[in-house]
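Asker: Sequence:
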Amino acid sequence: MSLRVRAAGKEDVALLSRLHDASFDEKWSAQAIETLLSVPGTFALVGGNSKNWQSFVLARVVADEAEILSLATLPTMRRKGLARSLVVTAAEDAAGRGAGKIFLDVSMANAAARALYQGLGFAEVGVRRTYYRHLDGAHADALILAAALPLARQAPL
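The numbering used here puts the first residue of the sequence shown at 14, with every later residue one more than the last.
A few of these clues could be false.
Claimed, not checked - Here are the simulated DSSO-like cross-link-like pairs (lysine-lysine), alpha carbons at most 27 Å apart as the crow flies:
id	residue 1	residue 2
1	Lys64	Lys23
2	Lys40	Lys23
3	Lys64	Lys93
4	Lys40	Lys64
5	Lys93	Lys40
6	Lys114	Lys93
To be verified - Label pairs and their computed distance ranges (CB to CB):
id	residue 1	residue 2	range
7	Val138	Ser63	33 to 43 Å
8	Arg141	Asn62	26 to 36 Å
9	Gly111	Asp34	16 to 26 Å
10	Pro88	Gly111	12 to 22 Å
11	Ser63	Ala136	31 to 41 Å
12	Tyr144	Arg17	24 to 34 Å
13	Ser42	Ala153	17 to 27 Å
Calculated from the structure, these hints are not laboratory results.
A quick note: this is a predicted structure, and the numbers were derived from the prediction, not measured.
Beta carbons are placed, not taken as given, at the ideal position from N, Cα and C, and that holds for glycine.
Take these sequences, add in the hints, and give me the full structure.
Answerer: Structure below.
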């Protein structure tokens, strides 16, 4: 499969919502995503191929900082480089918009995502206690990770 990354717009909000819902316990409606995309400095990218988009990143740039708001990949498509490509492309886009630093939240329990971010130069800068809520009502802590831009690239894309 040839991986592609493209910009996503308001016409993609239903797709982004479906990808998010398939990836996380917490559901984001198409309306919520559309509202986020309407905020200046917010942008989204999708990854996969033109017939089957399987991943997305939603990010925003405010002043000289960027934040990854969500990164979702269908469970069946994980560990194929989609998320990494999206994070790298989003970081490049954010740097082009004037950001010198990028940060995000990730569940402490998400070892695969933490390894991805560590490999790109992200480091722990804080913790949000009971930040995520699971379907069973349990809560999980989130690590706050940050990296300078441009990102480190320990392995080629």
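Asker: Are the hints correct? Go through all of them and say.
Answerer: Here is how each hint holds up against the structure:
no. : hint                       : verdict
1   : Lys64 - Lys23              : holds, 18 Å
2   : Lys40 - Lys23              : holds, 18 Å
3   : Lys64 - Lys93              : holds, 17 Å
4   : Lys40 - Lys64              : holds, 24 Å
5   : Lys93 - Lys40              : holds, 24 Å
6   : Lys114 - Lys93             : holds, 26 Å
7   : Val138 - Ser63: 33 to 43 Å : holds, 37 Å
8   : Arg141 - Asn62: 26 to 36 Å : holds, 35 Å
9   : Gly111 - Asp34: 16 to 26 Å : violated, 32 Å
10  : Pro88 - Gly111: 12 to 22 Å : violated, 35 Å
11  : Ser63 - Ala136: 31 to 41 Å : holds, 36 Å
12  : Tyr144 - Arg17: 24 to 34 Å : holds, 32 Å
13  : Ser42 - Ala153: 17 to 27 Å : holds, 22 Å
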